[in-house]
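Protein chains: 4
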Amino acid sequence: MGFKYTILGGDKRSLELGKLLMKDGRDVCIYGFDMLEEYNNETVSLNEAIEYADVIVGPLPFSTDNLNVNAPFSNKAISIDMVLDFMSEKQMIIGGKFNIEHEKKLKNKNIKSSDYFKREEMQVLNAIPTAEGAIQIAMEKTPVTIHNSNVIVLGYGRIGRVLSKMLYGIGANVHVSARKYSDLAWIKNYGYISVHTKDLKTYLPKMNVVFNTIPQMILNKELLKSIDSNCLIIDLASKPGGVDFEAAREMEIKAISALGLPGKAAPVTAAMVIKDTIYNIIEELDV
Amino acid sequence: MGFKYTILGGDKRSLELGKLLMKDGRDVCIYGFDMLEEYNNETVSLNEAIEYADVIVGPLPFSTDNLNVNAPFSNKAISIDMVLDFMSEKQMIIGGKFNIEHEKKLKNKNIKSSDYFKREEMQVLNAIPTAEGAIQIAMEKTPVTIHNSNVIVLGYGRIGRVLSKMLYGIGANVHVSARKYSDLAWIKNYGYISVHTKDLKTYLPKMNVVFNTIPQMILNKELLKSIDSNCLIIDLASKPGGVDFEAAREMEIKAISALGLPGKAAPVTAAMVIKDTIYNIIEELDV
Amino acid sequence: MGFKYTILGGDKRSLELGKLLMKDGRDVCIYGFDMLEEYNNETVSLNEAIEYADVIVGPLPFSTDNLNVNAPFSNKAISIDMVLDFMSEKQMIIGGKFNIEHEKKLKNKNIKSSDYFKREEMQVLNAIPTAEGAIQIAMEKTPVTIHNSNVIVLGYGRIGRVLSKMLYGIGANVHVSARKYSDLAWIKNYGYISVHTKDLKTYLPKMNVVFNTIPQMILNKELLKSIDSNCLIIDLASKPGGVDFEAAREMEIKAISALGLPGKAAPVTAAMVIKDTIYNIIEELDV
Amino acid sequence: MGFKYTILGGDKRSLELGKLLMKDGRDVCIYGFDMLEEYNNETVSLNEAIEYADVIVGPLPFSTDNLNVNAPFSNKAISIDMVLDFMSEKQMIIGGKFNIEHEKKLKNKNIKSSDYFKREEMQVLNAIPTAEGAIQIAMEKTPVTIHNSNVIVLGYGRIGRVLSKMLYGIGANVHVSARKYSDLAWIKNYGYISVHTKDLKTYLPKMNVVFNTIPQMILNKELLKSIDSNCLIIDLASKPGGVDFEAAREMEIKAISALGLPGKAAPVTAAMVIKDTIYNIIEELDV
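Protein chains in written order, with full-length UniProt numbering: chain S, 1 to 287; chain R, 1 to 287; chain Y, 1 to 287; chain E, 1 to 287.
If you're looking for bench data, these hints aren't it; they were derived computationally from the structure.
Don't be surprised by glycine CBs; every beta carbon is placed ideally from N, CA and C.
Careful, some of the hints might be misleading.
[Unchecked claim] Restricting the straight-line Cα-Cα distance to at most 30 Å, the calculated cross-link-like pairs of lysine-lysine (DSBU-like) are:
no.: 1; chain 1: E; residue 1: Lys180; chain 2: Y; residue 2: Lys118
no.: 2; chain 1: Y; residue 1: Lys201; chain 2: Y; residue 2: Lys141
no.: 3; chain 1: R; residue 1: Lys254; chain 2: E; residue 2: Lys180
no.: 4; chain 1: S; residue 1: Lys225; chain 2: Y; residue 2: Lys23
no.: 5; chain 1: R; residue 1: Lys180; chain 2: S; residue 2: Lys118
no.: 6; chain 1: Y; residue 1: Lys225; chain 2: S; residue 2: Lys23
no.: 7; chain 1: R; residue 1: Lys180; chain 2: S; residue 2: Lys97
no.: 8; chain 1: S; residue 1: Lys198; chain 2: S; residue 2: Lys221
no.: 9; chain 1: R; residue 1: Lys23; chain 2: E; residue 2: Lys201
no.: 10; chain 1: Y; residue 1: Lys105; chain 2: Y; residue 2: Lys12
no.: 11; chain 1: S; residue 1: Lys188; chain 2: E; residue 2: Lys264
no.: 12; chain 1: S; residue 1: Lys141; chain 2: S; residue 2: Lys90
no.: 13; chain 1: S; residue 1: Lys180; chain 2: R; residue 2: Lys4
no.: 14; chain 1: S; residue 1: Lys105; chain 2: S; residue 2: Lys118
no.: 15; chain 1: R; residue 1: Lys4; chain 2: R; residue 2: Lys97
no.: 16; chain 1: S; residue 1: Lys141; chain 2: E; residue 2: Lys180
no.: 17; chain 1: S; residue 1: Lys12; chain 2: R; residue 2: Lys90
no.: 18; chain 1: S; residue 1: Lys180; chain 2: R; residue 2: Lys105
no.: 19; chain 1: R; residue 1: Lys109; chain 2: R; residue 2: Lys90
no.: 20; chain 1: R; residue 1: Lys198; chain 2: S; residue 2: Lys112
[As the list claims (entries may be wrong)] On the chain Y side, residues computed to face chain E include the following (Cβ under 7 Å):
no.: 21; residue: Glu120
no.: 22; residue: Glu121
no.: 23; residue: Val124
no.: 24; residue: Leu125
no.: 25; residue: Tyr181
no.: 26; residue: Ser182
no.: 27; residue: Ala185
no.: 28; residue: Tyr279
no.: 29; residue: Asn280
Model the full assembly from the supplied sequences, consistent with the hints where possible.
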């Protein structure tokens, strides 16, 4: 495991990742942060940066234009094709959200690669800073404590599970809605009040905070009507989300779309999650 | 939902189920308990018992000989073929563990049926009396409290999840072993100590109780050697289980195979689980 | 319990209290908020406001100058002597932090009175918004999640108990320090890591957040030296608090004095706490 | 702390205590177990046994007849006066439940002594095996799981607190009754349903298990009438306890008096509790 790493582009989370790897005693080369004072006299070339490492760590997402590595803190473009050209078959590249074309090229060049964003454990671990970020928003935007409040989590997937556990731990009256009876059984088992999705209308009126995790329209005009005007809605589902925000505005219900919480609320934890996932990837390859 | 029910055979759990249905205000006919004093002057015939109900509720397992309904408290054989002959297309039959032949017959006769044992929510809910039964055994067979003991749960499926949560709630130092990194992430998220299966040997020596939920040989001679002689092993996996009992006996390690715990440790709860599942089945059919 | 109430002065928390009493169906007169638009055409006189009610509810603190009732949203001075003169023996006055002189006057006039701030249950309930406010600050000011962080709570009084429970519920590695062995036993019993005060030096270096609840100098220069520069200190003890802030600033350790959290982080909850306490006071008097 | 210990009399818990001290690497002399095969060729005299140690550890209770040390596994009487005569001022004696006369003699002889039973932390730690023993009984004697059952704990002292926490951790619907509003506030804070003692009659009818911890008559004939015939009552309060057992028998309500649970349900844990308390005593004396 005495691997050398090159952090290739990315935002501050990538930088934190580099620091965490160093703290673990790994050799790390940072490339693509020349806009930051700390790194602006980088003299190492892309070729050297690539050659340095056993493992090249790309950002999340790996690219935003499909041509260059996503590197918001670099004045230089980092061409994906060049990166691959510089790599040898002994090296591996790990990044987040490779697209199909990238993966095809990697395969053609016979370069070992892995997409950390596709890893189930990364999704699980990422749910933690997401949930905690959502709780922070609820604390900031309501005049009541979460303890003893009526809160409901819509959906019992990864984020729903982590979020409901934390809310329960703080002392809220936690409701969780789901459609599947087995999910409802799990919800009850963990001590929360289970709500079948079809019964939402009955439960919504007394809620202080509604957290949505379902990535499709769920809080439509109809359901919004049953929500109290003092209630806060926090939508954690990726765009377009699960809330009719326009209708909410008209009804003067506070509704917030909260995305990218891990990077915003807890960038160091977000970097740790990637680091742990990278270690798992490497360990599995070794075996 | 004003359905009438006939409880057709089964053990005391089926009888409890009948009582619970009555408590809920349902009309219930009990058939196949003539060996019990309370029911020994049953004058109703099988045909009448079948005709009486909208829903026929069979036992778990439905049959042990594939010919007759499983009815340990009846002196009369209850022929499955006769039951099906007496039924009409308006009725439905719900039982546990139908075999393929039964299901074929039901289909041929166009009779609505459902196997409650195949329902995911029943499996989840059944994990609760299983886990609690296992904890009771641990309390009875060890001279230490579970609180502050080192315990490990092997496997993080349904029973593993429910059991580790309860042990944690009592205050044990809960370890849970799994192979998948995503399971390990969940284990950590719930506050337990996660142990990769390959590292069991390191953790086993300091355990006070080992609960196995994995239905294949896991505690083999090799691993048993690392277990303390005061440790108690409780195997919850169905036969042949996951423990080399012979080797355990030779090493004088106490190992218990604990099966059928719901019916033994909490028959009324076990009946409730079936009742709730039946209600879910009926509700889904209605929709 | 069909009592009439007069809210006499106070800040927005008192106003929320009035609204909560009305929500419960009580008759409420609001006096002393003429600076707020909503109430600026109050035509009722002090005498009328006093006469109106069975229970006069004063603010927390009752007075800041010992002459007038504390009424930051009123242009008129509300003389305590006049209030008492207008009151009859059938009425009662409830306020927070009466001083000795007030209590003497109340006794002389034979007026029933009670200080809600002295009530143990109010102190307990107030610990909840305090703890939650502290957690909100920790979430805002650290780049890591509380989940899986190393946190320590200094002191195991009311706030310490509520705070450690919530931190544990979120998934932190909760340490709590105390001096008494019985407190240390309780700390262990609740699943936290117990730290004897004399061993703080050993535990502080690995902490991400330190919450102090002890109202005397505890984090002195000597102990601050053992704290990591990335650690956040939140001091919840009333002035002068338990942290050498000057030394912390010199060492570039972030230290925050967080006071009055209930009113700031959750004013509606803070009002509920007072309301519940008032109800308890009234119920006890009736008996 | 390199002290030598003599275990002087007592039951199997004292013997376990001796073994635990040895496991910790202490030198230990066992005296007063000659009825057990393992120790029946003890050749050491009482004088030698006393001289051997820095700390003499007596049983709990120290004496049952006020003349001799309580030693149910010894054929020889161990005179308290002789023990004290053999001791010097350099030694100390630690026991449980010294009576006033013993303490007077110890003082006269200038012998350091301490009563571990009087230590608050011992009472707290002892509440754990008591609570767990009570839960074991509830599991054994009811046909339902504790999970999802309605249970009530009468009294919120040490045992009440530990017991309600464990029941909650298993997933029961935990009710706790108390008289003081501050206790009721704590009960709510921990997530349990708080019941004022005067409202017991309203809550008792739907309970599956009632745990009493109050050492005075509480479940009298009147209240027993409101209890369901399937309900189980477990009385943990010392004799005469808090239940009218005669009335319960007449009404055919199952009521169990469960005393001495630590020694019965978890003798090794009970010994650990004494050991930890002894260490605390010694550490405090050193300082």
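Tell me if the straight-line CA distance from Lys225/Y to Lys23/S falls inside 30 Å. 21 Å, holds
Would the hint on Glu120/Y stand, with a C-beta cut-off of 7 Å toward chain E? Hint holds; Glu120/Y Cβ to chain E Cβ min 4 Å, cut 7 Å.
With the threshold set at 30 Å, check whether the alpha-carbon distance from Lys225/S to Lys23/Y stays at or below it. Measuring from Cα to Cα gives roughly 21 Å; hence the hint holds.
Between the alpha carbons of Lys180/E and Lys118/Y, is the straight-line distance 30 Å or under? 14 Å, holds
Under the criterion of a CB-CB separation shorter than 7 Å, is Leu125/Y in contact with chain E as hinted? This interface hint holds because 5 Å falls under the 7 Å limit.
Take a quick look at whether Lys180/R and Lys97/S sit within 30 Å of each other, Cα to Cα. 21 Å, holds
Given Asn280/Y as an interface hint, is the shortest Cβ-Cβ distance to chain E below 7 Å? Hint on Asn280/Y: holds, closest Cβ of chain E at ~5 Å, below 7 Å.
Run the distance test for Lys141/S versus Lys90/S: straight-line Cα separation, threshold 30 Å. Distance of about 51 Å is beyond 30 Å: violated.
Proposed proximity, Lys264/E with Lys188/S (alpha carbon, max 30 Å): Distance of about 34 Å is beyond 30 Å: violated.
Given Ser182/Y as an interface hint, is the shortest Cβ-Cβ distance to chain E below 7 Å? Cβ of Ser182/Y sits 4 Å from chain E, so the hint holds.
Agreement of hint Glu121/Y with chain E interface, Cβ distance less than 7 Å: Given a least distance of 4 Å, the restraint on Glu121/Y holds.
Answer holds if the nearest beta-carbon of chain E is closer than 7 Å to that of Tyr279/Y; otherwise answer violated. Violated - the Cβ of Tyr279/Y stays beyond 7 Å from chain E, reaching only about 10 Å at its closest.
Comparing the model with each earlier hint shows violations of hints 3, 11, 12, 16, 17, 28; every other hint is respected.
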